[in-house]
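Asker: Chains as they are written, first to last, in the numbering used here: chain W, 46 to 382; chain V, 46 to 382.
Keep in mind that the hints are not guaranteed to be accurate.
Listing some non-contacts, in silico: residues in chain W with all C-beta distances to chain V over 12 Å [what the hints assert, rightly or not]:
id, residue
1, Tyr-226
2, Tyr-235
3, Gln-259
4, Thr-264
5, Met-371
With the C-beta cut set under 8 Å, the calculated list includes, among others, these residues of chain V facing chain W [said to hold, decoys possible]:
id, residue
6, Ile-252
7, Pro-256
8, Val-272
9, Gly-273
10, Trp-321
Since the hints were made in silico from the structure, they are not lab data. Backbone N, C-alpha and C define an ideal beta-carbon position, used for all residues, glycine too.
There are 2 protein chains.
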Amino acid sequence: MTNRSEASDAIFASLLVALVMLIIGAVSPAWAQEPLPSWNDTAAKTRIIDFVKATTAKGGEGYVAPEDRIAVFDNDGTLWVEQPFYIQLGFVLDRVKTLAPQHPEWKEKAPFKSVLAGDLKGVARSGEKGMVELGMATHAGMTTDQFSKIVTDWFATAKHPKTGKLYTEMTYAPMRELLDYLRANGFKTYIVSGGGVEFMRPITEKIYGIPPEQVVGSTIITEYALVGDVPVLRRLPKIDFVNDGPGKPVGINQFIGRKPIFVAGNSDGDYEMLRWVTAAKGPGFAMIIHHTDAEREYAYDRQSTFGKLDKALNEAERRNWLVVDMKADWKKIFGWE
Amino acid sequence: MTNRSEASDAIFASLLVALVMLIIGAVSPAWAQEPLPSWNDTAAKTRIIDFVKATTAKGGEGYVAPEDRIAVFDNDGTLWVEQPFYIQLGFVLDRVKTLAPQHPEWKEKAPFKSVLAGDLKGVARSGEKGMVELGMATHAGMTTDQFSKIVTDWFATAKHPKTGKLYTEMTYAPMRELLDYLRANGFKTYIVSGGGVEFMRPITEKIYGIPPEQVVGSTIITEYALVGDVPVLRRLPKIDFVNDGPGKPVGINQFIGRKPIFVAGNSDGDYEMLRWVTAAKGPGFAMIIHHTDAEREYAYDRQSTFGKLDKALNEAERRNWLVVDMKADWKKIFGWE
Chain W
46 MTNRSEASDA IFASLLVALV MLIIGAVSPA WAQEPLPSWN DTAAKTRIID
96 FVKATTAKGG EGYVAPEDRI AVFDNDGTLW VEQPFYIQLG FVLDRVKTLA
146 PQHPEWKEKA PFKSVLAGDL KGVARSGEKG MVELGMATHA GMTTDQFSKI
196 VTDWFATAKH PKTGKLYTEM TYAPMRELLD YLRANGFKTY IVSGGGVEFM
246 RPITEKIYGI PPEQVVGSTI ITEYALVGDV PVLRRLPKID FVNDGPGKPV
296 GINQFIGRKP IFVAGNSDGD YEMLRWVTAA KGPGFAMIIH HTDAEREYAY
346 DRQSTFGKLD KALNEAERRN WLVVDMKADW KKIFGWE
Chain V
46 MTNRSEASDA IFASLLVALV MLIIGAVSPA WAQEPLPSWN DTAAKTRIID
96 FVKATTAKGG EGYVAPEDRI AVFDNDGTLW VEQPFYIQLG FVLDRVKTLA
146 PQHPEWKEKA PFKSVLAGDL KGVARSGEKG MVELGMATHA GMTTDQFSKI
196 VTDWFATAKH PKTGKLYTEM TYAPMRELLD YLRANGFKTY IVSGGGVEFM
246 RPITEKIYGI PPEQVVGSTI ITEYALVGDV PVLRRLPKID FVNDGPGKPV
296 GINQFIGRKP IFVAGNSDGD YEMLRWVTAA KGPGFAMIIH HTDAEREYAY
346 DRQSTFGKLD KALNEAERRN WLVVDMKADW KKIFGWE
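Model the full structure from these sequences, guided by the hints.
Answerer: Following this line, the structure appears as structure tokens:
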């Protein structure tokens, strides 16, 4: 009898919920809102909505089962700002300054010397070797738990050099709406970024609604070790996997194990991922965020140090990739505008 | 008006569903069933249920938010049989025979020669080097899509040498019930196996209800390439990551990015994973499947070639890891019994 009565309770509870929803239905329920309110009513918005409608229309030609509705998003320049430099580079620069008192030798040693002098050109001159050195000095040598805390603490106060807003507020409102819209239509949303996976994971749930297990990124080697009798994972100063360019399809296959049907990027680092997703026989939607708004954000493409967009832009039309013109297609760029 | 009317439609539909459920409630609904029916009513079953109840009781001391209810399962010997040899080794042996006509040189070349002669001891004598050679010859050199098809086709007919059942029927019924039970309680279930990730992914959804993106395993290097103008991922004969022993916590951190609160394993290859999960400050439940039933399955532990269980068994009591005695704790082992 207990089972019967529990079942009945559950049913009456769900009836009650349905009735309450019926009564408050007058108050413009969330599902009745227009999707993508920060997008202008241009062709870009229409193409996105048409694709989502086609993939979710049961019995339709373009229908995709919910478990195959995988959507992948580049992060830097696609979901959040990447100028005047990658946010992760902002972390590196701040972190070198924080750690400098423990490393008096840095005052005389490139590339640390340039960082401490605020000489970004000097940092750039140190090239890839210098960047790796800075990356390892700031990202390795601690446990994964410690690094997660360092990153979380940094994001709590670190601000964008131009706007003075917290970096966590420098996400694109139209893209956050797009993530919500896709999820509301049964898509599983992933980040697939060249950035460090453990740099992004502590904040992606909060700023994008994307949980840690749906973040694919670059990694350094970690090692299981005992501290006393306590097992930890230690971050070693050695690059494991670079999730950029041809590495992006590799990373998607390794982490997700399915081919996405929706992809968004903004630079040539996304080119192979765009190609791979749209080469599939079934439905495949690709979009490129084109930074065209010098006033509200930044305008850059073919010549940019960060987020160079050249080859992918050249081939976009031919490959039927949607190019989103930030200036024309977005009503607002940031949530705080 | 359209929005209002659509909202009302949705509500009436859910009311209708609730009413229908109420009417058919008499027919013993799924949620009223006792959990874990293939488990005997021993302490093992009680400990599992107590843990799940504690983690899901809102306001209770042991409560865990749904997003942190991560459960990880070893595969070989924990979810499916690993005797008389790993199922993936069965695939290797069959595959060598299938490919042999294209490789006449294998007739005279170790370790292929031993495989073709059915000489398993000779295969074993070839050691790790021989195993890697066999693995690469059968797992690399094709695209990821091609490999997925090869594996799927193989599982459709490949049978266990002792029982004559399909390998896909050689999963443990009590463990499949445990997976279901955990998921019904808001847990996200993962496989964390030393086996090849692309060997498992084509079938884990079907046999365990675990989707490809929740399978963590060993990997070989894949490479983005163009075949004509079509992008593919090519599997190269080079090991990337071995997800075993200390590699398991590393793999969990890399793929999931959260510490699980529930872990099941059966061998010393799971030792570090068991340690890592139960070292966390919060709740952490660990269990070891002990193969004690020579009649219904196999009995083995400290001396076994496959699934050696020694160190983890020694420390289980001290670390409060549940040791599941298959003979005593499981009513049935396979679904077809």
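Asker: Next step is simple, just say for each hint if it's right about the structure.
Answerer: Going through the hints against the structure:
1. For Tyr-226 of chain W, the non-interface assignment is confirmed: its Cβ lies about 16 Å from the closest Cβ of chain V, beyond the 12 Å cut-off.
2. Not every CB of chain V lies more than 12 Å from the CB of Tyr-235 of chain W, the least distance being 9 Å, so the non-interface label is violated.
3. Listed as outside the interface, Gln-259 of chain W is inconsistent with that label: its C-beta sits roughly 8 Å from the nearest C-beta of chain V, within the 12 Å cut-off.
4. Its closest Cβ contact with chain V, about 6 Å, brings Thr-264 of chain W to no more than 12 Å, contrary to its assignment away from the interface.
5. Against chain V, the non-interface label of Met-371 of chain W holds: every CB pair exceeds 12 Å, the least being about 27 Å.
6. At its closest, the beta carbon of Ile-252 of chain V sits 15 Å from a beta carbon of chain W; the interface hint therefore is violated under the 8 Å criterion.
7. Annotation: interface hint on Pro-256 of chain V holds; nearest CB of chain W at approximately 6 Å, less than 8 Å.
8. The interface hint given for Val-272 of chain V is broken, as the beta carbon of that residue sits about 10 Å from the closest beta carbon of chain W, more than 8 Å.
9. At about 11 Å, the closest approach between the beta carbon of Gly-273 of chain V and any beta carbon in chain W exceeds 8 Å, and the interface hint on this residue is violated.
10. Because the beta carbon of Trp-321 of chain V sits about 5 Å from the nearest beta carbon in chain W, less than 8 Å, this interface hint is met.
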